[in-house]
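Asks: Next come the chains, spelled out residue by residue.
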Amino acid sequence: MNLSIILAIAFGGALLTYFSGKISKKARDVLAVLISLVIAVILAFFYNTSSREIFYTGFLDFPLILRIDTFSWFFAFTIAVIGSFSIIFSLSYIRKKGNTDYYYTMMLLVIASMIGIILSGDLVSFYIFWEIMSWSTFLLISYNRGPAIAAGIKYIIMSVTGSVAMLVGIISLYSHYGTVIYTELSGLLYNASSGYTIFIFVLFFIALGIKNAIWPLHVWLPPAHSEAPSPFSAVLSGTLIKIGTYGIILLIYVIVKINVFLNLGEGIVSARYIIAVTGAITILIPTFIALLQDDAKRLLAWSTIAQAGYIILGIAYGTSESVASGMFHFFNHAIFKALLFMVVGAVEYRTNGVRDLNSLGGLIKKMPVTFVGGLIGICGLIGVPLTNGFVSKWLIYKTLIINNSPFLAFAALLGTWGTILYSYKLLHNMFLGQLPEKYEKLERAPFSMQLPIVILSLAIILFGILPGLPLKVINSIESGFGLEPLTINIWGITSDTGTINMLNLFVAVFLIGIMIWLIFKGSKKSAGIGQYDNYAAGTTVPKNKYHYSVDFYGPLHRMISPYLRDFIDDFYMSLARSIKNLGNGIRRIYTGDVGYYAIYIMLFLALLIFIQIKWKLW
Amino acid sequence: MNFLSEYIYYIGAFSLIFIGLFIVLAKKNLIKVIIGLSIVDTGINLFLITLGYIRGGTAPVFSKPGLKAENMVDPVPQALVLTAIVIGVAVLALALTLAIKLYKHYGTLNLRKIKEQKW
Amino acid sequence: MVNPILLIVIPLGLAFVVPLFRFISKKIEKFIPFFALLANLIISLTLFPHVLEKPIHVSIGGFLPPLGINLVAGPLGILFAMLIALVGFLVSIYAFAYIKEKDQEKYHILYLLLLTGATGVVLTGDIFNLFVFFEILCISSYSLVAYFGDKPGIESAVKYLIQGAVGSSLVLIGIGLLYGQFGTLNMADIASNIHSVHSISVFIPLVLLITGFGVEAAIFPLNAWLPDAHSSAPSSISAILSGIAIEVGLYAIVRVVFTLFGASSILTFLLFLGVITLLIGELCAFNQENIKRMLAYSSIGQIGLIVFALSIGSLSGINGGLFQLVSHTLSKALLFLAAGYMIFRSGSMNISSFEGMGKKMPYTSFAFTIGAFSIVGLPPFIGFPGKFMILKAALFEQDILFTILVFLILLATIIEGAYFFRVVQTIYFKGEKSTPGQEREIAPLSVLIPVFIFVGLIVVIGIYPKLITEILESSASELLNRADYIKNILP
Amino acid sequence: MRKLISLILLVIIAGGIVLSLKEIPFGISKIKIGDYYIKKGIEETGATNIVTSVVVSYRGFDTLGEITILFTAAIGLSAVLGTYRKRKAGEKVEPPSFIVKTGCRFLFPILLLVGAYIFIHGHLTPGGGFQGGAIIASAFLLMYLGCEGKRINENTSIVVEVLGALTFIVLGIIGLTIGKDFLFNFLPKGEPNTLLSAGIIPVIYIAIGFKVGSELAGIIDHLIEKNQ
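Protein chains in written order, with the working numbering: chain A, 1 to 618; chain B, 1 to 119; chain C, 1 to 491; chain D, 1 to 228.
The set of hints was computed from the structure by calculation and includes no laboratory data. Note that the structure is predicted; figures quoted are calculated from it, not measured. Idealized CB from N, CA, C, for every residue including glycine. Warning: the hint list may mix true and false statements.
Computed spacing ranges between beta-carbons, pair by pair [to be verified]: (1) I19(B) x I449(C): 47 to 55 angstroms; (2) V269(A) x N350(C): 51 to 59 angstroms; (3) I568(A) x R2(D): 41 to 49 angstroms; (4) L7(D) x K26(C): 48 to 56 angstroms; (5) N352(A) x K115(B): 46 to 54 angstroms; (6) S15(B) x H195(C): 27 to 35 angstroms; (7) S352(C) x V38(A): 42 to 50 angstroms; (8) K26(C) x N352(A): 54 to 62 angstroms; (9) P444(C) x F106(D): 56 to 64 angstroms; (10) I224(D) x P444(C): 37 to 45 angstroms; (11) P95(D) x S352(C): 52 to 60 angstroms; (12) I449(C) x I461(A): 56 to 64 angstroms; (13) K616(A) x I453(C): 48 to 56 angstroms; (14) N350(C) x S15(B): 44 to 52 angstroms.
Derived pair list, reagent style DSSO-like, types lysine-lysine, alpha-carbon separation capped at 30 angstroms [as the list claims (entries may be wrong)]: (15) K366(A) x K441(A); (16) K32(D) x K104(B); (17) K32(B) x K151(C); (18) K487(C) x K97(A); (19) K96(A) x K359(C); (20) K26(C) x K100(C); (21) K151(C) x K104(B); (22) K40(D) x K180(D); (23) K438(A) x K365(A); (24) K54(C) x K487(C); (25) K96(A) x K472(A); (26) K100(C) x K104(B); (27) K97(A) x K438(A); (28) K487(C) x K40(D); (29) K151(C) x K118(B); (30) K22(D) x K32(D); (31) K366(A) x K97(A); (32) K151(C) x K113(B); (33) K257(A) x K366(A); (34) K27(B) x K151(C); (35) K100(C) x K27(C); (36) K430(C) x K97(A); (37) K104(B) x K27(B); (38) K441(A) x K26(A); (39) K430(C) x K26(A); (40) K3(D) x K616(A).
Work the whole structure out from these sequences, hints included.
Replies: Here it is as C-alpha cells:
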C-alpha cells in the first residue's frame, strides 16, 4: 500500500464530498464518514511498518517525500480516528446549519492536511501541508459568523506569523545543509554553532508554539476553540494543536537529536529548561483563567492550553519517562478533550446554542448518556485513577520529582488542582443542580452524537486500565529517538524507582467502590423532595430564582481575576492597533496633491544624484 | 567666456527644462502645469538638437550638389526630435482634454483643491 | 519560424482597423482584441521553444543593428510577451460583458494599443524605440483610466498624466545624454561601450532612466499615481495596469540596470528600495476600506517584493523575482477581475458592501479567495513557490543584512495576510446569514471563463511550478549574461 | 516653502546633469551612427534628405510608434470627451469678421497645397509627413475659424486615418514577405534627388501626411466641439 494513496484519498475525498453534496445530501454524509473511516482503517494497517517514498517531484528542485514509522503512525492514526469521530458527530450537529457541503469539505481537508503533515518526510512538504491546514482551518473557524469572525482572523494572522518564521527556518536549514529531508538533516546540527541552533529553534518554536498554544503565543486558541462549530472544536483541540506537539518532537528528537538538545545551553538557561518552564507556565496561568470562564467551550479551550502545557513540559524535559508522559498525554488529551467538546456540543445542539454555564443545569436527567460521557471525560482530564489521564500525569510527576525539579512538579500538581476545580464547574453547571424550566422538554442527544461519546468514554477507561497498549507504541518511538526504553507491560510500567500497575489499582478501586456502595446502601434512606418544593419567607420561591449554579466559585473569582487578565492578548491587540495607526499615518504621504507627487519624483532623483556626488557610493 | 560659447546651447536647453519642471512642482493651476510640461518638452527637444550640432554645419539634406557630408549635422537627433514633438503634442492634447473634463467636474483647475483621490 | 515582429504588428494593425467596423457592424469590434491577442498568444507560444535554444534577433527595414532598430526576442522578452498576450486575452473576454458604455469602439482600440505598447517595450532592442512604445503604453493608460469620464477617473488620469509626463521627460533626457556620449541608440551597442557606471556621466543617465521608468513601475516614492489610477479605472483596466503596465515598467528598469548599464553596484540601493516599497504598500493597504485601493496598494507591495528579489542579483534571486512577477500578474489580474464584477453588482467599492457575496456570487467569491490566498503566498497556489524562491535566494546569500530584510519582508507578508483574510471573511462570513431576496446572481460566462482560467493557472502552476521555471531560468541568465546579449546582437 | 524645496531639488539635479554634460562637448562631430547615415544614407535608401531616411527607413519602426501615439492620443481624447456630435439647436456663435472669413478662405487651399507639397517631397527637401500633415491640419483650423458651420466629415477623416496607418503597416508586411524584414524597402530606389526615388519612403510619407493631417484636424474638431 502506498502512502500517497492515503493522501490521494484524503484530498480527493474532500473535493469529492463537495460535489457529491450538490447531488445528494445523504450520499455526501455517507461519503464523508466513509472517507474518514477509510483513512483511519488504512492507517491502522501501517502499524509497525516503516516506509518512505517520493510522492512528487514537480515542486522546484525539492523531491517531496512521504514516510511512515511508528512515530508518525502514532500521531496519524490518532488524528484519523478522532477526525472520523468528529465527522460522525457532525452528522446531526451540522444539519441545521447552512453550507453543509462546505463544512464537510473543509473538515476533510483539515484532516487530510494534518495527515499530510504527519506523513511528510521533508520540511518542504511539511510546510506545504502545514499551510494548507492553516487556511482550511481558518475557513472553518469563522463558519459560525458573529464573534467567530474575529476569532478566525486572530487565528490566521498568528498562524501566518508562525509559518513565515518557520519558512525562514526551513530555508535557512536548506541553505546551510543543502537538504530538507529529515533523515539527512538528522543530527547535522551537531556541528553547528549553538547560536545558529538557537536561531533555528526560535524560528521553529514561533510556528510550533503558536499552533500548540504555548503560553505567550496562545491568544488565538480560546476564541477559535470556543467559536468554531463544536465537532470542529473537538478536532482543533484534540488533534490540530497536537500538530504543534508533533512538530516539536520532530524538531527536538528527529532533526536536532536529543544529545544536541540536552547540551544546548547550561543549567537554568538551557533550552531544555526554558522550554520546560514555559510549559509549566502554560499549565498554571491558563488553568486559572479557565476557572474564571462562564462559557463552556471557552473553559475547555483554556483547559486545552493548560493540558498542552503538560505535554510540552513532558517532551522538553527530556527523560524517557517524561517524553513518554508527554506523548501519552497527547494521546489521552486527544481522546478526552474531543469527548468533552462533543459533550458540550451535544448540549449546545439540544439547547440551541447555549454555552453559558450560568444558564444551564440539571441536564443529567434529560441527557444521561451525555452526562456519563462528560463525567468520564473530566475524570480523564483530572487524572482520576483508572482513566488514561492518571497514567500520563503519574509519569510526569514521577520523573519531575525523581530528577530534582520540585518547582516544575509543583506547577504540574497545582495545575491538576485547578483542573479539578474547573472540570467540576463544567460538569456541575451543565448537568447537576436544578434544571431550568425552559429545558423541561429537552430530548436526548441523537444517536450520531451519542455514538462517538460512548466510544471515546470507553476508550478512556480502556486505556486507563490497560495503559500498556499505547505505551508500547510510545516506547518503540522512544527507542527510535535514542532514549532509554521503559519496561512496559500491558498493565503499566515497571521500573526501579516506582512501578505502576493498573491491575492492582483496578482491584483496589473496585473494592473501595463496593465498600462505598455498601455504606450508602446500608445507611438510612433520605426522603426525596421535589425540586420546587421550597419555601422562603412564607411563600413559594418563583421557579426562575432557583439557580445556584450562577456565579460559581464567586469569591475565588473575585480574588484571582484581577491578576489573570489576559495581558498577552492585550499586548497583541495593541500591537495590531499600532500597526493600523502606523499604516494610517503612512498613507498620509499620498496627499492627493499632485504637486507633492512631482516633488517626490524629483526628490528621489535628487537624492540619488546627491548621494553619488557626495559619497560616490555607486 | 569660452565656457559660455561652449555650453550656451546646453544651458539654454536645460534652463527651459528646469523652468518647466519648476512650474510643474510649484504651480497650482493645472493649465500652468501643463504649460510647464510643454516647456520641459521644448527644452528636451532643443537639447537633443544641440547634441547633434556641428560647428558651421548644414542640414543633412543633399538638396543640391556641392554639399559636403563632413559639414552636415547629425540627422539622428533631428529624427528623434520629430518623434519627441509628436509625443509631446499627443500628451499635450490629452492633458488639455482632461483639464476640460476636470473643470467640468470640479469647477476649478486649482490642483491644491482637487484632492478627492488620496490616501 | 514566425517573425516576432508580428507580435507587435498584428495587434497594432487590428487596432487601426477597428474604426472601420463602424461601417459594417458595431458588434464585431469587441472581438478584435480577443482575436488579436489570441494570435499573439499562439505566436509567442510557438516562438517559445525556439527562444529557449537561442534568442531570436530581428532587424527592421533591412538594417543591421546598431544602424536599424532591432527586436530581441530572448527568453525574457518572450516570457513577458506571453504574459501580456495571456492576460490581455483573458481580460478581453472579460470586457465582453463588462464594458457596456456606448462608445465601446474606443475602449477596444485603446486596450489593444496599450498591449501593443507593452509588447513593443519588452521586445525592442533599441532604447529610443523602447521609449516610444513606453509612451504608447502610458498615453493609452491615461486615456483608459479616464475612460468612464467620471469624477475620480478624470482626476486620477490628470495626476497620472502629470507624473507620467515628468517621468517620460526624465527618460528622454537620459536617452539624450546616452546618445550624446555613445552616439548610438542600440542597447547592445551602448552596453558594449559602457565599462563602468562609476563615472558621473554614465551614472546620471542611469538614474534618470531608473526614475523615469520607476514612475511607471511604481517604486516608492514614485508610485503616488498608482492607487488613484488603479482604483478609478474600469476594473478590467485595473487588472491590466496592475498585471501588465507596472510589470512592463519593471522590465524597463531591469533591462536598463542589468543589460544596458550592468550596474550591479546600484542593486544594493534597489534592494532597500524594494523592501521599503513593500512595507509602505502593505501598511497603506492595511486599513483601506476601498477594495480597489487596497488591491492597488497591495500591488505596490508586490512590486517591492519583486524589486527586492531582482536586486539580489544572483541567478536564483532573479529567478524568484520573475516567478513572483508572473504570480503577481496572474493573481492580481484575477483579484481585480473578480472584485470588479462584485463591485459592478454591489455598486460600491467599499469592502463592507461585499458582505454576503459568498452566497450571492459563489463562483466569483471563490475565485477572489483563491487570488487572495495566492497573493499572500499560501500553498498550493502560485504565490507560494514565488515567495519560497525569493526567500531561498535571499537566505542563500548567508548575510545578516539579507536575514534582516527577509524578516521585514515577512512582516509585510503578515500584514498582507491580515487584510486579505479580512476581505475573505467579509465575503463569506459577515452579514446576515441568509436574508430572503438574496438571490444568487451568477456572473455571466464571459466573466467566469477568464476568471476561472486564471484560477486554473494559479493552481496548476502553484502545484507544478516547473511549468515555467525553465523559461524563467533562461530569462534570468539572459539578464545576467550581459556579454552574451551584446555578442548575439553585435557579432 | 514648496518653491524653496523645488528649487533645492532642481539645483541638485542640475548639478548632476552639468557634471555629466562635461563628457559631451558641444559642436564636435563624433556621433558614430549619424556619421554613417550621412555617408551611406543616399546609397542605402535613395533619399537625399537624410533626416527622412533616418525617420522612415533606418528608424521607421519609431515612426510607426509615433503615428500610433498620435492615434492613441486622438482616440483617447475623443473617448475622454465622450464624443457627441450633435450641435445644440439655437446655439449662436458670433460669426467671424469679414477679414478673417476672406483670409481663411483664401489661405485654405494654399495651405492644403503647401502641406501636400511638403509631404510629397519629404525625401528630397526638409519636411515630411508630419510637417505636411500639421500644415494641412492648420488649414482645417483656419476653416473652422473662417467658415462657420463647415465641419469635416468624421467618417471620412477616420477612413483617411485608418487607410494612412494601414498603408504603413501593409508596406511593412510586404517588406516582411519580400525582404524577410519588416519595413524592408522593396521598391526600386530610383535615382536620388528625383521625385520618384527612395522606394517606399515617399509612399509612407504620403500616407503619414494624410493620416497626421486628418488626425490633427480631428483633434481640433473634438476640442472645438466641446468649447462651443
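Asks: Quick check: which numbered hints come out false for this structure?
Replies: 16, 18, 25, 33
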